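Peer 1: One letter stands for each residue in the lines below.
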Amino acid sequence: MVNLTIDGKAIQAEEGSTILQAAQAHGMRIPFLCYHPAIKAIGSCRICVVEVKPGPPRPQPACTTKVAEGMEVVTNSEKLQDIRRELVKFMLINHPLDCPWCDKGGECELQNLTHELGIAEVDYEAVRKPINNDFDSKLIERYNTRCVTCGRCVRVCKERVGASAINFENRAYFTDLGSGQVPLNCEFCGTCIEVCPVGALINKLFKYGARAWEMTATPAICQFCGGGCDYEVHVKDGQVKRVRRDEGNPLLCVRGRFGFGVISSDQRLKAPLIKKGGQLVEVSWDEALDFAAQGLMQVMAKGGPSAIYGIGSPRATNESNYVFQKFFRVVLGTNQIDNPGRYNYWRAVEGMAQVFGWPEIDGLNPEVLKYAKPFHSTLTLSEEAKGKGFPFVMGQTAKLKEADAVLVIGADVTPEMPPYGWALMEALQKEDFRLIVANPRKTKYDRYAHKKLRYRPGTERALVLGLMAAMVAANPDLAPQLPAEGWAACKEILQGVSLDDIAKQTGVAVADLQAAAATLLQAQAPAIIFGNDLLAQANGKENVVAVANLFLLIGQPANAGSGLYPIAEKNNTHGVCDVGVVPNLLPGYQPLAAGEKFGKIWNKVPSTIPGLTLDEALTRLENNAVNAPQAFYILGGDMIRQLPNSQRIRSILQKARFIVYQGAFMTEVAKLADVILPVGVHAEVNGTYTNTDGRLGQTRAAVSANGVRPGWQIITALSQKLDQPLEYASAEDIFKEMVSLMPIYVGLQPGYRWPCPDLKADIKGTFVPFSVEPEALGEGDFTLIVGKTMGHSGSFTTFAAGPMIVNGTQTLQINAEDAGKLGVAAGDTVTVSSAQGRIAVPVAVNDDLPAGVVFLADHFAEPLANSLTSNSNLCRVNIQKG
Amino acid sequence: MAEIKKPVSAELTAEQVKSIQDVCQQLGPVKGKLLPILHAVQDICGNWLPLEALQLVAKELDIPYGYLYGVMSFYTMFSVTPRGKYIIRLCESAPCHVMGAENIQEVLEEELGIKVGGTTSDGLFTLEHTACLGTCEVSPAMQINEVVFGNLTTAKVKEILENYRAGKTVDYRSLARTTIPPLAYPLPAEEMVLFPNLDQINPMSLDDYVARGGYESLKKAVTSMGQVDVINEVKTANIRGRGGAGFPAGLKWSFTQPSPITPKYIVCNADEGEPGTIKDRYIMEGDPHRVLEGMAIAGYAIGASHGYIYVRGEYYLSMLRLQNAIDQATAKGYLGKNIFGTDFSFTIEIQTGGGAYVCGEETALIESIEGKRGNPRVKPPFPGQVGVWGKPTIVNNVETLSSIPVIIAKGGEWYKNKGTEDAAGTKIFQVVGHVNKPGVIEANLGMTVRELIEKYGGGVRGGKKFKACQTGGASFGFITESQLDTPMEYKALGAIDGALGSGTMLVMDEDTCIVDVVKCILYFFQHESCGFCLPCRRGTRVLYDLICKIADGKGTEADMDKMLKVGQVMLDSANCALAMSPIFFIKTTMERYRDDYLAHLNGTCSRCKK
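Protein chains in written order, with our numbering: chain A, 1 to 882; chain B, 1 to 610.
In isolation and in its complexed conformation, chain B is listed as follows (with noise of 0.2 angstroms):
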């Protein structure tokens, strides 16, 4: 990030011009195509964008071309320099920070004679770091082009560049799932919600999902529904929003449905970046339709006509399942013109990330989708007013979309009476790091924290002491041991300083540096902050190089307050939760394990000098 990414020249042979004018005319009179556009130009240029593709891309969409590079240069899945046939992302985040992310880097730098950022001289390998690739169930993990390699140790590592120099190379397509299967199944199968279909259909397959009750939802809402009925079914179940802040689904679409402005959009939030969370692939991997049919639900129930799934860049089987149901669904007439026979009309198109967390941001999603930096709007106003094209959106997680179709079916009571008065309903839990089983559950909320762990996770594994856990993703605060019985809701846990977020938790064993993991954690934000407003622009990497002064040994205790002191102005004064967010897990860690920065203070850290 910190060099300067000068477009390297290279004459496009006359197939490839060919090619990206194909693109371009394609794609290029649908609003907002520009980052797919980009995707397909990189792939016609063999992993990269050289100076003159970029140019004839400026050209052929008539966008001037300094605006098309600060565009491509927002996301990091995009390459000015030329990289190899096979890019090795190596997941750098926090998860896989914890499971020892940085030995596999040194394996893998000392395997392929190359240094992260380099591309080995046969041109088949570009190793890179990247932020959470959303499979923290495998940590340590890769992904090379669109396959992920979990559970990383020396001989894998080895073992896979073997058969990729062989030619022996995975087919993303061809896999069942991105990783494994989910760790257990604690409902049965009449009250899950989101996993019912998990690993009983085939998830190319209509057929299977209209068999096991799929689309009648859908069905029953716009054929004996009226709008108000659905929204006030989804108030009833009190389900709130999934993707980490929980603001009731119901009520936000209650505020919208009146508008008068048209068209509306349903935007589902699948750019899944929150390191730790790894819940929406399951769903988006093993029941896709479920995705489209609450989204199409949404769009009946606020009046929209089109909906935009924007799905992070890295999750390539995602999009496949997705693009494959969209087709069949449309084919079928679930989705399109009329359907059942109504006049509800509602088409859905995938959008595609390329490589930015903050793009998780709702408004930033919508200037993505847009096909622009992905800055977060400053709200007010919000998307329920001013969203997508300046329409009315409702943005949801996919989380939360995909609850709607079982809320339709056994109504708005049925899924209250699941969960606590706080947090209504089932959810998907995440447990990952020093923990014996990572994995994923679909729960009712309220399970405590030290179930999920124990009982779902396998314990701390090693027979290791549980020494932190931080609670629902990056964002969010770290608790102790005592504080592991509280319940999984959003209150319960706010009042102990941490968070549901997006129901993960991050287990560190006693063998972890606190400081360490914050320094991580702090690294990811100076990297993924969108550089719009000046606190997190400049406060994030403020922060970071304290954390660096601190760890290195040569801090003070009054770095130790000015973190402090940055944190505030940054929970102050910053335009989104990006920046609000590092307070909290300083704050928690420098109260609770200020053993931890006092070691490093005094240089006496033994953890991190193993």
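The following block holds chain A by itself, in its conformation from the complex (with noise of 0.2 angstroms):
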């Protein structure tokens, strides 16, 4: 700690920190306005300039000037405000006085400043500069006539989003921000609006929708992709009108911040819907689930209760979920549920297992918690408590930035998970810091990696197994710091491989392998992203297991920011897996062995017989097997826009005689249902999501549902139509349950994550073979790649303005090259077709694609990617033009 006076108040403050930190801990206000908590200080308004005893003559500004034992600073002297007043009277030359009919009128930083230092007249005059407004921008309007110049929005979107999409122009007093005279084409997470003191950036969407004053703020936890991002819903006479997150950490993506639109679309699923005569016909509640429950029964008493098949939502709370499941296995009898992350992040799940293990915590206090804070573990840690297995190998992303090398292996970052993008970004700030991106295309983590791999579509399993060969050959003595077995074997294999054959299976050259083993070799603290493009493969799980057995080579998860980094796709993709939906595992991934213990609370034991897993019961269905589930309960999500090979899973769904859809949006699924049951989203539920990094997030209901209910509410309906009530008084009610049964959940909070960090773990591997054979994708000129693009989570934010404005149609990416050989521009149509399927599709022009690999989106219902699949989110296709 540093000795210092601040007015004559001594006061300590840490080294390293600046004046206006010190001063702002010790709650003194120093007015400023370029500086911003979020980013660097950079210094170049001086309003917060202060007289530095000792130090050089003039006054320095506070936001970058360094605290020293001794000085003594001196905030407010009159000379001091004399130049904040004279500098906040240069702002103020022309600004104009449009205040009224600004939307940062109530919040703006400049109005408050001049306020603030009590200036009534500004009697400098300078010219006008030249109108540069941007009005064709989307979803972002500039006002350059109002800008301050502070730089905050240039800064965030370089320093935090890495996107650099804007900048100054010009230069001294013509200085302008800028996007180079041509409309915006950025990710439009309209960070730089957040950061803007005052009205020059302005959300679109939230144009003339309130006054600052008029609005309510409700803690949420954004639903689009696995990262959970806090925000606060503002709220206007029920609608909300924006999200906002926190001044220290303002970053949202464009769905974040954008995608609310879900919550108020018109598209919303707004009462109750049953099958009648081929038509879904809107009818009450009541009628609804009784529709429900005696379409169940019938199908129950020819089939029994493994005739019904349940589908679990990543979107919907772990409290529905946790119901969900406890639906299937109490009322009905069960085990038959999974969820769709069976084809996609539970491979994740399943390859770390085999490598790591699956969690198991013992040693917890026996007694439970009678009276825990609301959504807070009700277990707790004894002395000998102890947990293994694979969730403590797993990054969470707040030490992400505290790693020292990252790879990047098929996975693009910023449309999949934007929170892991801003940590790379902060880790990037650091100068020994290494990123390694390996994907067949082109991703923005391109630009900041200091090596780059492109592989061949679906060969990330030899570029692994290369990764770990080139490691044993550049040091023979090589052994893995984790406990591991089977490391003889392993290495024996790995001194057989060629690293030649490598290279000409994957396409990445020998001296990259080696350069990038190196590089992941050095590291103190590794960690390996990895994502959709490498789990959606019909081998994702050997994948998982290819990079977890390079973890264990490599891995040291006591160091921070160390550990493998899955993307989870959905806001509770996480959560949707720890409370059970899945035919083999009891809540929080406990044996169904283990059932004696749920049967306690749940009054009755849950069976041991393992239900089918969605692919197995899909094909059941399909094939017209004997014990193939004849009924879904399916909690929203659109299967036939996401699976792979959609006319495949249509068909199927057709096959069933009974469907119940639990959802918000008419998608091509609930069009099949025989009932459907509207329910809240986030902003209108309370509850708990588990995010990627198993962090627990709360979010609170902020506008009425209108007439649609939270999804455990509409399940327990449910259940007492078929005569075994569940009860629960509320989300709260249901978590406290859930969590006296999930020992993984121990000292869980919202804003902790699981695994409780005060846990010792026993941390050990197994190496597993992996096979590198090549996926197995068909016949065509191009490699397909069915992946997630910026702006969407699955179909969900389809049915959002803001996201459509941005990203609204679906293109095929193609090179210029190959679109040159196929005689098509952007915009052409192509058909596309392959063994499953032909669509015909505009073209979009995209150099990051490399020579014969296209891309589609897979979040758009018309056309559908996922109708040229088969069984992975890679497949050969033939293009022709027209």
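Calculated from the structure, these hints are not laboratory results.
Some hints here could point you the wrong way.
Stated by the list, open to error - Covered stretches of chain A (chain B as the covering partner; in silico rule of three or more C-beta atoms under 8 angstroms from a C-beta of chain B):
1. 88–96
2. 125–134
3. 181–189
Computed from a predicted structure; not experimentally measured.
Every residue gets a Cβ at the ideal spot worked out from N, C-alpha and C, and that includes glycine.
Reassemble the complex: the two chains are provided individually, in unrelated frames, and hints are given to aid placement.
Peer 2: Structure follows, in structure tokens:
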């Protein structure tokens, strides 16, 4: 600590902190404008100048001047106030008097400064700058007339977002904010708006929507990726007007900031529907629930409980998903449940579990707390409590910046998981940090990568094997730092690997493999991020086994930042798995054999016969197999869009005798349902989500659900209709029961993550052999990758205006050379065909794709990318003009 | 500057696309080559940067277009609208202004049939204004592409244009030097530090340089002296930085030498942009190896392995001579790996500016080397700790570094005995404006201003009476006749609210209106402010608009007070020296030439009405 005085008051400040920070920490205000806590201080507005002794004769900016022992700081002398007044007057020259209709009115820092300094007159004049406003860009409006050139937007875009889409233009008095005199072409995250102290950057969706003081703010959790950002929804007259994050972390992505329109979307399902005479018609809740109960009972009467299959939701709350699995296990009496993560994130779970084991926590205190705060775990650690399993090698976003080397493999970070991207930007501020990006196509972080590995689609395992082999070749004495079994055998295999063969298979040069291997090997805190591109392949689980093996070799989870970072696709992808919406594990990854414990609370011991996986269930129905499920109870989503081979999924679901769809939108799957039960989304319900880190987020009802219901209430209502009522008073109530049964959630509370950091861990792994056989992709001239794009999260955000403005149509992305060969230009329609189907789609020329590789997004209903795929996100296709 | 520079769209030919891609692939991987790439692309596209070219560069370098545009638009040498085959840059800064540049502008506009900013319909000429060209010894001056034409008169302008129209252009590479030789060599050859080789050697010949003892000092330093020995020698010499601020060079080096952080860099500041300052060009054009040798010795002393020479974009001949010298010295092993068989390795590259005075400020220069907008950094930290690419960096002026070889050869004591106690050694002095013989000399520090003006500058031209002299460059105070006997050193000039600065003296005769000159200088400052810090961004323009108001006869004494107030706020709160300067010439002119101001307030300035 450093001792200094500020305005005569002796204080202590942390070494390395600035005068401004020190003053703020002691409740002393120094006015400022260009400073923002989320960005590096630059000292350009000079409003915060203070007198410093000992120091230079002239006042110094408090935001950039570090505290020093014995320093005497004066912040409020008449001279300083005079300087500030003159500077704010400079700023006010030609500032438009449009405060009455400027959205910033009431929360404008320039207004506040002017008021604070008592400026009643601006006695300076200067020529007017030419008007250089931008009304053409999507979602964001720019008023250079209001801009105070503080550069917060430019800096946040460069430093934190990593987009650098805006910059200052020209110089001197004519320095202006801009995007190069063409409309913005960026990620449209809108963080620039958030940090703007004045109304120079305006959110078009919010414009004229409300005055700052008219809204009430309620904390909620974003639903649009696995990051689970906490934000506030600002509501006026029952409508969400905007969402905001806290000042210290203003980052959100386009769907986070502009996707809240899903709540008030015209396309929301507002009332229950049942199928009558082939038509879906609106009915009362009671009638719909009766209809659903009867339909399920009829199917059960013939096929028993296992004829009904439940599909949980990666968007629904933990509480809804928990009640859902309990409904199946207790009310119906079957383990026939799964969640769509089966085709994606669950592969990460299983792959990591194969190498590092399933989570197990032993030695908790036997007592369950009777009184815990809402959404706090009721279990407590004892001295001897210990944990093991893969969660202990999983990284967390907040620590990712502390990693010293990150390998991103099979993930397009920003569209899939923006918070990982922001963490990478923070890590990149460190000089010795190294980033390796491995992907078949160019992604955003190529720009920052120290090494880029451009491999052929589907050769991830070969690439990983090559990296491990290169490590062993470079260091024959190499051994994992973690306790590991099977290293000797693994090493022998690695020693037999020919890097030339790997290079041939993957298309990555031997030297690049060696360089990347060397970087990872040198790292003290290596991290591996992997995502959809790798998980959505048919061999996704094996891909994860390969990645987990690599981490077992190089990982040092004791060092902050080092870990495996799988990308959970949606806000509760992690949670839906945690709370047991899988056919073979009870909540908390506990074996079915542990059912006794659950029976005590549930008053019924769940069956020990595992259910079918979603994949198996669908295949059985497809093949009319004995014991195939005949009815589905589906919590939201659109499997037809999201799972490979849409036609197949559609025709299988069409075979079902009865479908209950509990969702928010009329998706392709909903259209096949016999009953539709409309459900509330995040800002309409109370409950929790578990994000990709295992961090618990609490969402609160900020707006009225207007007739739709929280998911768990619908399920419990249905249980009543089936005469086996599940009874809960609230989401808190459910949470309390749930966590009492889930040792993995010990110590958990909103904002915390599991596993509990105080838990001692026994980390060990086993090297698991994996094949490097490339995926069978079918025939065709091009390899199609179906994946995620910026702006959308599954099908959900396609129902919101904001993301659709930025990213509203499906396009086939193809590089210029391939487009040239096909004789097509941007906007031309092509027919893409595979063994599964064909679609007509407009072309977007994008040189991020290598030759022979094309890309489609999986978000859009029309044309449907997954009508081309077979069992993977990759397939071979032919493309024809027209 | 005031207009919005919207990039014009133009389809690129296949060859242009290929050339741009080649340039990007060649220079792209080298850190900080954005400005050289933009210069090259501008050449490829015919003197301007179409939108498509900028977008292609952005794509090839994987830099967002919006960011790239922001960098590009900082530098005035780049244009996003079509320009002619020949770009005529007419200098508009004070030395040219007092010599009648406005008349030349009229002649050019009439001859070409276009206004400043326009392009002739035949696509041959674009007429532009430019801040100081650095050729004030031949004011008024203009530059056509790479070639400077000075001492312009109506007849001369007409003749030049005629020649260019007829295809009789000048190849700058064929010129002996950009302008005229030094006025004189007051010191005998063995007493000179900076100019001993001028006109004695072929500047394109390494052999000539070596034959006159070139690179012997480097050899001496690296083979027989320790790093600290070299620094001590420079400390003994007591040479102060010649860029204008006068910080002792040896002391600066001694702060950086102990830093364990590597790599370290030497940056040679050759962004000679201070109006009236024309000295470094003489060394770079006439004796380029001296610059390199000085840099290499400095590099050895602090433990640097690489040097940058940041040359202002308009100094084409300097860059040519320096690049030739670098190539030759590298080929012969004076630069490169294991110099003179020692462990010391040192390489040098040239980095180009793009028309931004502020890049002469050392941290702005560093930002520019890194391919960014030339905003000065907030200090501390100083470049000695955090410089180029965040590494310890010594930035020295060309003249400072060029003094080093002789200091090492003859010793610090020898050097220190020249000049005055306050300002040791020799210096290149420049006298420009209303004198009979504008130009440069190398002389011992301490010569009086009067001696420079009268003996070497040939006195005030046309038998007119002396009125004022702005000392040190555009940033400092004006002195009067009675102050001319002040010796040219830091302390003495500072005591009369003047400054040694870069060692230039702008002389104004009795016909000069001081308000008119101050207006010209303030135009320069509001044009050259980087726009980073609020006091300067807004203050420079407020000052300019106030002086215009006064010059137009619409001002009051309150406006004069307001100028002083604004200047003081800028001095108190701005980030870099640029904004701290105006107060000095505003204050000294208001005190010493108040009648000129009052004449404008009363609308009775006879000088401006002529």
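Peer 1: For every hint, state whether the structure bears it out.
Peer 2: How the hints compare with the structure:
1. Restraint check on the stretch 88–96 of chain A versus chain B: 3 residues with Cβ-Cβ distances below 8 angstroms, three needed, restraint holds.
2. With a threshold of 8 angstroms between beta carbons, the proposed coverage of the stretch 125–134 of chain A by chain B holds, since 6 of its residues qualify and at least three are required.
3. Counting residues of the stretch 181–189 of chain A whose CB lies closer than 8 angstroms to any CB of chain B gives 5, so the stated coverage by that chain holds, three being the minimum.
Against the hints set out earlier in the document, no violation occurs for any number.
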